[in-house]
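In order, the protein sequence lines correspond to chains A and B. Anchor point for the first sequence: position 105 equals 107 in the numbering used here, and the numbering is continuous, going up by one each time. Anchor point for the second sequence: position 163 equals 165 in the numbering used here, and the numbering is continuous, going up by one each time.
I should point out that these hints are in silico values taken from the structure, not numbers from a laboratory. Remember, predicted model here, so these are calculated numbers, not experimental data.
Derived lysine-lysine pairs resembling DSSO-like cross-links, with alpha carbons at most 27 Å apart:
#1 K143(A) - K182(B)
#2 K143(A) - K185(B)
#3 K198(A) - K198(B)
#4 K117(A) - K170(B)
#5 K197(A) - K185(B)
#6 K139(B) - K170(A)
#7 K117(A) - K52(B)
#8 K172(A) - K139(B)
#9 K170(B) - K100(A)
#10 K182(B) - K139(A)
#11 K185(A) - K197(B)
#12 K197(B) - K197(A)
#13 K170(B) - K185(A)
#14 K52(A) - K52(B)
#15 K143(B) - K170(A)
#16 K197(B) - K139(A)
#17 K32(B) - K52(B)
#18 K193(B) - K197(A)
#19 K198(A) - K182(A)
#20 K185(B) - K139(A)
#21 K139(A) - K177(B)
#22 K197(A) - K143(B)
#23 K117(B) - K32(A)
#24 K143(A) - K197(B)
#25 K32(B) - K52(A)
#26 K117(B) - K170(A)
#27 K143(B) - K182(A)
#28 K23(A) - K117(B)
#29 K197(A) - K198(B)
#30 K143(B) - K185(A)
#31 K139(A) - K193(B)
#32 K193(A) - K197(B)
#33 K193(A) - K185(B)
#34 K32(B) - K32(A)
#35 K198(A) - K143(B)
#36 K32(B) - K117(A)
Partner residues aside, some chain A positions facing chain B, computed with beta carbon under 10 Å:
#37 F24
#38 Q27
#39 D116
#40 T120
Quick reminder that beta carbons are idealized off the backbone N, C-alpha and C, glycines included.
So you can see what is in the structure, the chains are spelled out below.
Number of protein chains: 2
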Amino acid sequence: MQQFTDRQIEIMEAATDRISKFGIQNLTIKTLAQDIGLSEPALYRHFKSKNEILISLLEYFRTEMQNRIGSIASKPTDTAGDRLRAIFDSQLQTFTNKPEIVSVIFAESIFHFDKSLTNKVSEIMDLMQNNINANIKDGQKSGQYTTLMGVSTLTTIIIGSMRMTVLKWKISGHKSNLIKDGKAVLEGILKMIEKK
Amino acid sequence: MQQFTDRQIEIMEAATDRISKFGIQNLTIKTLAQDIGLSEPALYRHFKSKNEILISLLEYFRTEMQNRIGSIASKPTDTAGDRLRAIFDSQLQTFTNKPEIVSVIFAESIFHFDKSLTNKVSEIMDLMQNNINANIKDGQKSGQYTTLMGVSTLTTIIIGSMRMTVLKWKISGHKSNLIKDGKAVLEGILKMIEKK
DNA sequence: TAACTTTGTTAGTGATTACTAACTAACGTT
DNA sequence: AACGTTAGTTAGTAATCACTAACAAAGTTA
Numbered sequence: 003m004q005q006f007t008d009r010q011i012e013i014m015e016a017a018t019d020r021i022s023k024f025g026i027q028n029l030t031i032k033t034l035a036q037d038i039g040l041s042e043p044a045l046y047r048h049f050k051s052k053n054e055i056l057i058s059l060l061e062y063f064r065t066e067m068q069n070r071i072g073s074i075a076s077k078p079t080d081t082a083g084d085r086l087r088a089i090f091d092s093q094l095q096t097f098t099n100k101p102e103i104v105s106v107i108f109a110e111s112i113f114h115f116d117k118s119l120t121n122k123v124s125e126i127m128d129l130m131q132n133n134i135n136a137n138i139k140d141g142q143k144s145g146q147y148t149t150l151m152g153v154s155t156l157t158t159i160i161i162g163s164m165r166m167t168v169l170k171w172k173i174s175g176h177k178s179n180l181i182k183d184g185k186a187v188l189e190g191i192l193k194m195i196e197k198k
Numbered sequence: 003m004q005q006f007t008d009r010q011i012e013i014m015e016a017a018t019d020r021i022s023k024f025g026i027q028n029l030t031i032k033t034l035a036q037d038i039g040l041s042e043p044a045l046y047r048h049f050k051s052k053n054e055i056l057i058s059l060l061e062y063f064r065t066e067m068q069n070r071i072g073s074i075a076s077k078p079t080d081t082a083g084d085r086l087r088a089i090f091d092s093q094l095q096t097f098t099n100k101p102e103i104v105s106v107i108f109a110e111s112i113f114h115f116d117k118s119l120t121n122k123v124s125e126i127m128d129l130m131q132n133n134i135n136a137n138i139k140d141g142q143k144s145g146q147y148t149t150l151m152g153v154s155t156l157t158t159i160i161i162g163s164m165r166m167t168v169l170k171w172k173i174s175g176h177k178s179n180l181i182k183d184g185k186a187v188l189e190g191i192l193k194m195i196e197k198k
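Using the sequences plus the hints, can you model the full thing?
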């Protein structure tokens, strides 16, 4: 059942912290080993390369997110807007609990050079995209959302707005209130797109 | 008048291309010198360090953007919405003409480790932010925009949506139509926030 | 024309990188 | 008790990094 060992998870979390605190350039096998209190070669007992640590890390989050968002999607809600609220509630809560992860999964650019890593980041983006897309289609079909805009345009606006909120929170050094700001943005959008 | 020499501009543009094509990790003095057809030490005749190349590159774009957006802001337009259109028209046109720049200025994360670089990226973000902020304040004050939301929430939505559009374009390998998609997103937002 | 400045070169520096070879102690299984 | 596996160690590897010393050719100026 468990896909990763305890040690592997420890390594992935240490790597996430490193990237969050000092950037990907500072994530070396040496610094990582020091963070955990092991020698460098010890890490190679658990991952066959540095790249595999990063890939696993992204895969670990993707699986968690898929389960989390998936369980929301399967639960019935009153309105499409409520489901949208639940999705972002869950997402913002996850980021608040583990701010470091944001530096990794929102940073498509830091992995630009490596195809396998870019793909993993894309998978995570697609996961969110597909969920929002489905929500909007559903909301428009049932007459709850405006049809003044196409599905993809509306998806771009919603995801873009939420990403921007997270980015601002990150830049503030996690000092701003992500949950509050995120709610304000989502409610603002819903005010505009929900038909009364 | 000219802040940078021709050679310096050549180096900065080559650096931008490198980052865009292969990521910051692949930007080394060696690859950069090869791209231009010079030896490595020759680059140090024009910039005192690799970091200064990056800082200058960001400064170069910031100045250009400041002049460009500044001249739009000083021109009178019929409505606040029209001014918003002009700002993003200009911005999207600039990105279309020089797609590589997007990889650099939208990548706050790649410079995460260096304070002077982070500051430069922040300056560029603030520049856009302040312009949009002023536009929304003006539009709300004159009764053209809805006041259902606060200024900062609306700014986040607009900038976030446009950034997302650019990001999608970048991920598509610049295959999608940035101008068209950007227009669709902006018109969608204006449809929702402009009072009739 | 002599001296200086600019812009380039070749050859090299020490530091750091991801990763490996070889070995060992602890532990589970038969 | 014998044996294999797991998870760690020390000591190294070649490659690559940003950057420098020393020198040279060409153009500019006195």
